[in-house]
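One-letter residues, chain by chain:
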Amino acid sequence: MAVLWQRAKANISVGTGKYFNQVLLVTALAVLAAVLSLVSPHFWQWDNAKNILEQTAVLIVMSVAMTIVIASGGIDLSVGGVVALSGIVAGLCLKAGATVAAAVTCALGLGSLVGLLNGSLISLLDINPFIVTLGCGSIARGLALILTQGIPIYGFGSGFACLGKGNIMGLTVPVWLALAVALLGWVAATRTKLGLYASAMGENEEALLRTGVPVGWYKTGLYAICGTAAALVGLVLASRLNTADPTVGLGYELQAIAATVLGGTSMKGGASSIPGTVIACLLLGVLANGLTIVSVQPYYQQLLIGIIIIAAVIVSERKK
Amino acid sequence: MSGIRLKVKNLHKSFGSVKALAGVDLTVEPGEVTAVVGDNGAGKSTFVKIISGILVPDEGRIIIDDRVYTHLTPALAIQEGIATVYQDLALVNCGDVATNVFLGRELTRGIFLDRKRMYSRARKVLEEMGINLPAVDMLVGLLSGGQRQAVAMARAVNMGGRLFVLDEPTAALGYKETCLVLDLIRRLRDQGYSVIIISHNLHQVFSIADSICVFRHGRVVSCTSVKHTDPETVVKLITGTETA
Numbered sequence: 001m002a003v004l005w006q007r008a009k010a011n012i013s014v015g016t017g018k019y020f021n022q023v024l025l026v027t028a029l030a031v032l033a034a035v036l037s038l039v040s041p042h043f044w045q046w047d048n049a050k051n052i053l054e055q056t057a058v059l060i061v062m063s064v065a066m067t068i069v070i071a072s073g074g075i076d077l078s079v080g081g082v083v084a085l086s087g088i089v090a091g092l093c094l095k096a097g098a099t100v101a102a103a104v105t106c107a108l109g110l111g112s113l114v115g116l117l118n119g120s121l122i123s124l125l126d127i128n129p130f131i132v133t134l135g136c137g138s139i140a141r142g143l144a145l146i147l148t149q150g151i152p153i154y155g156f157g158s159g160f161a162c163l164g165k166g167n168i169m170g171l172t173v174p175v176w177l178a179l180a181v182a183l184l185g186w187v188a189a190t191r192t193k194l195g196l197y198a199s200a201m202g203e204n205e206e207a208l209l210r211t212g213v214p215v216g217w218y219k220t221g222l223y224a225i226c227g228t229a230a231a232l233v234g235l236v237l238a239s240r241l242n243t244a245d246p247t248v249g250l251g252y253e254l255q256a257i258a259a260t261v262l263g264g265t266s267m268k269g270g271a272s273s274i275p276g277t278v279i280a281c282l283l284l285g286v287l288a289n290g291l292t293i294v295s296v297q298p299y300y301q302q303l304l305i306g307i308i309i310i311a312a313v314i315v316s317e318r319k320k
Numbered sequence: 001m002s003g004i005r006l007k008v009k010n011l012h013k014s015f016g017s018v019k020a021l022a023g024v025d026l027t028v029e030p031g032e033v034t035a036v037v038g039d040n041g042a043g044k045s046t047f048v049k050i051i052s053g054i055l056v057p058d059e060g061r062i063i064i065d066d067r068v069y070t071h072l073t074p075a076l077a078i079q080e081g082i083a084t085v086y087q088d089l090a091l092v093n094c095g096d097v098a099t100n101v102f103l104g105r106e107l108t109r110g111i112f113l114d115r116k117r118m119y120s121r122a123r124k125v126l127e128e129m130g131i132n133l134p135a136v137d138m139l140v141g142l143l144s145g146g147q148r149q150a151v152a153m154a155r156a157v158n159m160g161g162r163l164f165v166l167d168e169p170t171a172a173l174g175y176k177e178t179c180l181v182l183d184l185i186r187r188l189r190d191q192g193y194s195v196i197i198i199s200h201n202l203h204q205v206f207s208i209a210d211s212i213c214v215f216r217h218g219r220v221v222s223c224t225s226v227k228h229t230d231p232e233t234v235v236k237l238i239t240g241t242e243t244a
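Those sequence lines, one after another, are chains A and B. Sequential numbering from 1 applies to the first sequence in this note's numbering. Sequential numbering from 1 applies to the second sequence in this note's numbering.
Calculated directly from the structure, the hints in this document are not laboratory data. Note that the structure is predicted; figures quoted are calculated from it, not measured. Hints may be right or wrong, so weigh each one.
[Claimed, not checked] In the DSS-like style, the derived pairs of lysine-lysine whose C-alpha atoms are separated by at most 25 Å in a straight line are:
1. A:268 - A:193
2. B:49 - B:19
3. B:116 - A:193
4. B:7 - B:227
5. B:9 - B:19
6. A:193 - B:124
[To be verified] With beta-carbon atoms standing in for the labels, derived distance ranges:
7. A:184 - B:127: 35 to 41 Å
8. B:160 - A:152: 44 to 50 Å
9. A:318 - B:171: 28 to 34 Å
C-beta: ideal position from N, C-alpha, C; glycine also.
Next up, chain B with everything else stripped away, as it sits in the complex:
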């Protein structure tokens, strides 16, 4: 299984008089981690919601491998292999780990849930990702922050994700849990998947990303390999004290 090549061209999105995106062009290559950085209100979240099918752009194209779309729906995005892990993780606390890993794609036998098969498959997915959880029948509400993040990522993998969009995946985590999540991202990349990571933490971005795209005022002001830039330059691009 390999990642997908995502290209967005000239994406525009306005909310009333506010221009959230004003012509975004961006390419994500398979087997690469692309970091999207920018100040609050730069358009990162709008961009994520458009490629996840939650928002419809006013203008522009989304090209997945060779298929061209004017917009996506959540179901179409999932079908195309775009799996988004939002900052709030979108987990159901009263459900167990397996239920959350399979949410929306439950295994059934007739009209009944096939829990036995869901447990065994969830165990396999977690094992393949190197995630160590107490049990797949444990309620998600009882897990730690890092474990919950891991469950959300396991769901993304189980959905058949080939491009993972991770919105601030370590924002609410401690040091150990952050290491666990970053390790997971590296493993996804090594398996050939594409990853987009939205983060405010530049140190982390430089430690994990292959390329960095800086958003400012709804535009991508710079998209470059991490090897050809440094945190100071990126900060200047974010704040607008330096132009690309």
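With the rest of the complex left out, here is chain A:
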């Protein structure tokens, strides 16, 4: 009887904790949407909704990968630099006459290579992920600037433009990509060893080591995935704007971290929530869109994201 009572209490506690954050986020999203539709007649338009989805798509791709890395107790601050470098590399390849497939493969390969470097340095040399990824991000950004002398490259042809502007069933390719990445991320986080070990690493890395799990390999794999996702974002942005800009992606890591923490994944690692991260991305997207609609300067958006990160971390730590 006592055992049954313990289980009932636990179920209530887990159920409340697990979905509380997501319910809160959906409520905030609904309230924000309601307020914005009252403030502006342009908000509740299908075109604006599509615009929000397109703007949020790249954030979803990056944040889903960031969520798994943060769940493992790490962080990847190199994503902004990788976004810029991958776009530049794809642009240079296309300019040199390479096919779209070859350019995309090169850029994605480079992203995963930076991720592998991050993961190897973190797991083999046991260096703090904050420092390693900050350094690798700076190297990637530096390379992007050196390769272009700081001047954006543009004009890549219609084949490459499909990646950023192509349309499938009324939605652009980046939106479908974001959906696919979110689904893959959710499956990986909840149904595979990789996701299980990521959370276990964040919660108790020593436990995994003692059971003989090759923790270093898995950790390196997580950073490689994050690097690849950042490269995909770089490709989408270069394709959408038809321009590869070495300064693109500045502050993207901050937005991805904000979405992750807001979505309910603790900065200390442990259990992750991919649905929470996706809802948080949509919330940030609607917020940015709303601020633009009501003519608030973009500088204030930066300020707001900073406040949101701090507030989300405080709530997350209090909950723990």
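Let chain A serve as the given structure and place chain B on it in line with the hints.
Then chain B, alone, in the frame of chain A:
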């Protein structure tokens, strides 16, 4: 399934100028509970870490049944049937009971975790060990101290453990939970497994162990059957006021 015979011979381990182990010889027989006692810094933890593959000894041999090793790795120790339950239990609180029982040896179907099979096998392992938990899909972070200890021991059994090394298994437990854990240890012994128990609680050691090995200054100063000694003598050996 029977326990393994573990022999360590002349184990040495130093950390800088500190000699943690200075020639340890010890034998653990199958189907026996061997208690390892000693003061803080006597070398018990270093010994446990060496036979679990966490530390590499400077010198000496580890003989498992007839196989001789100069050192082990965590994976090799597990492969040889040495399953260690550390004092901190090494559990993942955000994982459920089945996840923790199978940690590092998950059942999969292709690349996907086969949770259904893990739940059913975890239930069977717990049942065979006589452990009664609310559910195998319950988060470990929500269990009591004794239940968490039971999960850690179930993992050791599920790993294919034949020699269980239990580091202070009852240190943080209440009376009822201690009884549960001691009962589990007895059951493991009765099933023919070998058990090494590290403990400061001599009363408990005398109630459960078949033999007692006393560590002092990195050496085994006495290894004897519980029938041929008493708590007072063991205390004297631990403190060095009596020599074996």
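To see whether the hints hold, each was checked on the structure:
1. A:268 - A:193: holds, 20 Å
2. B:49 - B:19: holds, 15 Å
3. B:116 - A:193: holds, 15 Å
4. B:7 - B:227: holds, 22 Å
5. B:9 - B:19: Judged against 25 Å, a Cα distance of about 16 Å means the pair holds.
6. A:193 - B:124: Within the cut-off at roughly 22 Å; holds.
7. A:184 - B:127: 35 to 41 Å: Cβ of residue 184 of chain A to Cβ of residue 127 of chain B: about 37 Å, so the range 35 to 41 Å holds.
8. B:160 - A:152: 44 to 50 Å: With a Cβ separation near 60 Å, residue 160 of chain B and residue 152 of chain A fall outside 44 to 50 Å, so the hint is violated.
9. A:318 - B:171: 28 to 34 Å: Roughly 31 Å apart at Cβ, these two residues keep to the hinted range, so it holds.
Hint compliance for this structure: hint 8 alone is broken.
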